[in-house]
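Let the sequences and hints guide you as you build the complete structure.
Here the sequence shown stands for residues 0 to 161, numbered as in my numbering.
Don't read these hints as lab results, they were simulated from the structure. Since we're looking at a predicted model, the values are computed, not measured. Don't take every hint at face value.
To be verified - Restricting the straight-line Cα-Cα distance to at most 25 Å, the calculated cross-link-like pairs of lysine-lysine (DSS-like) are:
#, residue 1, residue 2
1, Lys12, Lys61
2, Lys43, Lys84
3, Lys138, Lys12
4, Lys80, Lys119
5, Lys84, Lys137
6, Lys137, Lys12
7, Lys140, Lys84
8, Lys138, Lys43
9, Lys43, Lys119
10, Lys61, Lys43
11, Lys137, Lys80
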Amino acid sequence: MSNPVEALIGWLKHYDVEQQYEIAFLICTIHPGTYDTDIFDQGKTLANLYGMLESSVSGTHKDLGYIISFRAIFDFLFTEKRGSKEGWDRTARLFDSVINDPNPPENRPVSMVQHAQEMKDNLPERMALWFDICDSWKKLKESELSDASLEIWHDTYIFSEI
0 MSNPVEALIG WLKHYDVEQQ YEIAFLICTI HPGTYDTDIF DQGKTLANLY
50 GMLESSVSGT HKDLGYIISF RAIFDFLFTE KRGSKEGWDR TARLFDSVIN
100 DPNPPENRPV SMVQHAQEMK DNLPERMALW FDICDSWKKL KESELSDASL
150 EIWHDTYIFS EI
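This is the structure:
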């Protein structure tokens with residue numbers, strides 16, 4: 000049996016640094032094992048996420064909690080929002096609300112509207128990319144990150160300590 004954490008790290012590193020950072024950015028804002036990070040520094044954020052994962056390969060209770068938390072956070076932030084057409088429709092509506100806001104707040108920079116328009120223009124490409132990532136994630140969850148695989152990994156650690 001492969002190590003689920005090593006499989007997760009391999010899965011993440013399969014993607015471009017840009018996608019790795021996008022995942023790390025959102026995971027690190029919520030995950031208890033990576034919460035105190037400078038999320039706007041790509042290098043630090045990736046190092047923090049990979050540091051947490053690489054220190055969690057043995058299968059302890061804490062390691063299991065970190066991986067289950069990662070899995071749940073990824074599902075909440077990515078699978079539900081970026082793995083479905085409905086999630087992307089919501090994103091397009093949010094961009095439209097910024098672009099077409101008749102009464103924007105006085106402190107909203109013009110660049111925010113420009114950025115929202117650029118992001119909306121790139122939605123088809125990003126949507127295809129994230130559909131692929133989310134499909135790949137589902138396969139990982141059905142194999143190395145399945146409940147059964149995590150249980151075997153964790154049990155292996157427990158029985159090695161007896």
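Quiz prompt | In rising order, the numbers of the hints this structure does not comply with | solution = Checked against the structure, the hints that fail are numbers 2, 8 and 9, while the rest are satisfied.
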